[in-house]
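Participant: Here is what each chain is made of, one letter per residue.
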Amino acid sequence: MSRPPTNTPAPPGALAARLRRSRAALGAVLGLGIALLALLPASCGRAPGTVAEGGAIRFWNGFTGPDGATMERMTKRFTAETGIPVRMQIIPWATYYDKLTLSLAYGDAPDLFVCHANRIAEFARYQVFAPIAPLLAADPSFDVDDIIPRVRSAATYCGTQVALPLDCHPQGLYYNARLFREAGIVDAGGRAAPPRTLDEFLAAARRLTRDEDGDGQPEQWGFAFTWLRTNWITFLSQFGAGILTPDLSRAALAEPPALEATRLMRDLIYRYRVAPKPEGIDAWMGFRQGRVAMAIEGIYMISSLQTQPGLSYAGAPVPRFGPNPGVWGGSHMLCLPRDLPAERQARAWRLMRYLSDHSLDWAAGGQVPVRRSLLRTARFRRMTVQYQFSHQLPYVVFEPPSPKSNEVTPFVDSAIQAVLLGIQSPRAAAADASRRINQVLERP
Amino acid sequence: MSASLSSARRQEAATGYLFALPYLLLFLVFMVGPMAYGFYISLHEWHILGRQKPFVGLANYRALLADDLFGIAMLNTAYFALLTVIPGNALSLLLAMGLNARIRGETALKTAFYLPVVLSVAVVAIIWRWAYSTEFGWINHYLRLLGLPPAAWLNSPKLAMPSLALMSIWWGAGGQMLIYLAGLRGIPEELYEAAMIDGAGARARFRHVTLPMLRPTLLFCLVMAVIGSSQVFGQSYILTAGGPLYSTLTVALYMYQTGFSLYRLGYACAVAYALFVVVLGITLVQFRLLYARREGEAR
Chain A
1 MSRPPTNTPA PPGALAARLR RSRAALGAVL GLGIALLALL PASCGRAPGT VAEGGAIRFW
61 NGFTGPDGAT MERMTKRFTA ETGIPVRMQI IPWATYYDKL TLSLAYGDAP DLFVCHANRI
121 AEFARYQVFA PIAPLLAADP SFDVDDIIPR VRSAATYCGT QVALPLDCHP QGLYYNARLF
181 REAGIVDAGG RAAPPRTLDE FLAAARRLTR DEDGDGQPEQ WGFAFTWLRT NWITFLSQFG
241 AGILTPDLSR AALAEPPALE ATRLMRDLIY RYRVAPKPEG IDAWMGFRQG RVAMAIEGIY
301 MISSLQTQPG LSYAGAPVPR FGPNPGVWGG SHMLCLPRDL PAERQARAWR LMRYLSDHSL
361 DWAAGGQVPV RRSLLRTARF RRMTVQYQFS HQLPYVVFEP PSPKSNEVTP FVDSAIQAVL
421 LGIQSPRAAA ADASRRINQV LERP
Chain B
1 MSASLSSARR QEAATGYLFA LPYLLLFLVF MVGPMAYGFY ISLHEWHILG RQKPFVGLAN
61 YRALLADDLF GIAMLNTAYF ALLTVIPGNA LSLLLAMGLN ARIRGETALK TAFYLPVVLS
121 VAVVAIIWRW AYSTEFGWIN HYLRLLGLPP AAWLNSPKLA MPSLALMSIW WGAGGQMLIY
181 LAGLRGIPEE LYEAAMIDGA GARARFRHVT LPMLRPTLLF CLVMAVIGSS QVFGQSYILT
241 AGGPLYSTLT VALYMYQTGF SLYRLGYACA VAYALFVVVL GITLVQFRLL YARREGEAR
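Taken in order, these protein sequences are the chains called A and B. With this note's numbering, letter number 329 in the first sequence gets 329, and the count goes up by one each step, no holes. With this note's numbering, letter number 50 in the second sequence gets 50, and the count goes up by one each step, no holes.
Take these hints with a grain of salt, some might be off.
[Claimed, not checked] In silico lysine-lysine, DSSO-like type, Cα no more than 27 Å apart, as pairs:
id	chain 1	residue 1	chain 2	residue 2
1	B	K53	A	K404
2	A	K76	A	K99
3	A	K404	A	K99
4	A	K99	B	K158
5	B	K158	A	K277
In short, the hints are calculated from the structure, not lab data.
Model the full assembly from the supplied sequences, consistent with the hints where possible.
Facilitator: See the structure below:
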């Protein structure tokens with residue numbers, strides 16, 4: 001039986017029958033349409049500060065690595081000790097701020113969330129944080145002066161403390177102790193001796209850069225740049241320079257001290273030849289594999305070294321490359337959303353306080369606590385690399401506390417990459433980046 | 001009788017519209033509505049977190065003209081289109097002509113060529129990230145075996161975009177190959193036979209029979225390829241994040257970064273509309289060129 005073509009006119013009777021049959025289908029279609037429309041309002045966000053199911057504290061962070069397991073253990077202990085449940089959601093950092101921003105803008109924000117120090121000003125500008133002062137006032141047993149002042153100031157925007165710093169993660173010098181010993185860079189006791197000055201650093205890097213087969217491509221490098229932006233900030237800070245001027249109104253990358261710092265970084269590759277171009281080399285992997293003897297990286301990278309079999313690593317403060325001490329650092333800040341009801345704020349504060357009080361547990365996973373009382377403990381001194389890096393806390397430098405910081409850092413990344421790849425001179429790269437940064441800063 | 005038939009037809013038409021209603025509703029709610037809202041947003045200084053979203057007229061569009069990164073992104077997108085549209089279509093046509101020769105193992109080859117198309121851009125990007133790895137990638141491995149220096153495929157400003165283009169051609173060639181194959185199989189055999197009787201060689205048959213008969217297919221594939229390459233996003237987002245040195249910053253990626261990293265939605269919407277206008281213009285030009293020639297031939 002063949003089916004008639006669809007464009008063949010149907011007899012009136014058949015048409016009526018088809019219409020009758022189609023009425024049932026029509027009803028179904030209409031029902032589906034109405035159901036779809038009905039779904040739309042249900043997908044809209046909840047109002048800010050909605051009480052979470054079961055009264056749990058909703059806590060968002062991006063700790064996807066071993067630090068996530070540490071944080072989960074800490075929150076479980078908190079629940080066991082206080083009876084307050086915590087519903088922690090770990091979102092990869094790559095998408096974390098997207099989700100957090102949308103929740104802060106359109107509702108359904110968590111009770112407590114982590115914000116990096118370099119994003120505080122950006123969010124605080126839009127008044128999304130609840131001020132911490134009333135909670136501190138209500139909890140006089142918490143000594144806020146115990147927090148390292150430099151880190152506490154990074155949690156402050158326009159004179160208002162908007163977050164509680166959980167940790168600090170400064171950069172430091174990681175070095176391969178075995179390679180140092182093999183190269184004879186040791187102290188009187190025969191232990192690997194990390195460099196403390198530029199001269200010592202260059203001498204060590206030269207001895208540790210080895211071209212075994214003489215093809216001009218060293219198989220082992222004395223040093224390698226890792227995260228270019230933060231490495232640059234470390235060098236800049238040591239020359240008294242920065243990305244922005246102190247009043248945050250203009251770019252400062254083209255000023256003489258900044259150019260001096262940038263030239264030194266470039267010279268490590270092209271003049272002293274102790275570091276590879278940051279092109280096609282995974283510098284950190286090279287350090288882990290023993291093909292790079294020194295790297296400047298954050299304390300959070302220690303967990304990747306702890307799992308590297310046979311690697312003899314150690315940590316020390318970053319050498320003095322310039323006239324001033326200085327090192328880039330970041331910090332995880334604990335924040336509350338602005339519209340959180342007071343009762344839920346109080347419960348979230350208990351968790352914040354608990355995490356801060358127990359931040360030595362947190363530090364074990366690759367962080368430096370920011371409570372002076374904890375930095376003095378014997379337990380912290382036993383965390384040898386963290387302890388070494390903590391010496392830098394008095395002069396740690398955060399990214400500029402400008403609401404536009406997040407907007408200008410891509411220009412910073414490109415500029416230092418252009419210099420270290422040899423594509424642009426320090427002056428030209430700084431000029432380009434400064435022009436773009438100033439355009440951003442001039443915009444309201 | 002006639003009146004009742006007319007009424008029945010009206011009812012049938014109404015039924016047709018009602019059946020189309022769910023799609024139309026979805027189209028209005030999720031396509032037309034957001035597009036109109038996007039244009040509205042583009043006329044404002046619109047930050048996701050901002051309580052005030054002041055109307056700024058065409059200021060965002062004027063700012064685009066002074067934004068050198070937008071210019072770089074436009075040029076990069078055009079460069080990507082140049083690297084992918086013609087070579088990609090040529091490869092697809094070549095593969096289709098090979099398969100059209102009714103060779104053995106045609107189905108297996110067709111499947112093999114088409115397989116990359118079913119992969120998502122994320123999967124393709126991860127596969128190629130390993131292939132392009134300077135230290136561990138198989139491409140550099142074989143270059144070394146041949147005594148050639150390894151290349152920094154994704155880390156060199158000169159090589160990054162061609163590397164993304166090569167990956168995209170591999171990813172998409174199979175899809176267009178099937179369309180070309182369908183086009184080729186729609187060409188009547190008699191035309192080739194007549195051409196052969198007239199003494200046309202293979203090249204002449206391709207030029208005077210295959211290409212003219214394939215023109216609608218070519219138009220479709222080229223238009224779709226231009227639109228697709230203008231919207232290139234996933235490749236550079238996953239593999240290079242627009243770097244190194246903005247060499248793979250495309251318009252779609254710039255729009256995403258402006259909207260979802262910097263939360264400047266007004267400006268991001270202006271970028272989107274600028275891209276829309278450019279793609280629309282190019283598509284209209286393509287239609288005009290290819291159809292004008294066809295109409296000329298018809299006369």
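Participant: Tell me the numbers of any earlier hints that the structure contravenes, in ascending order.
Facilitator: 4
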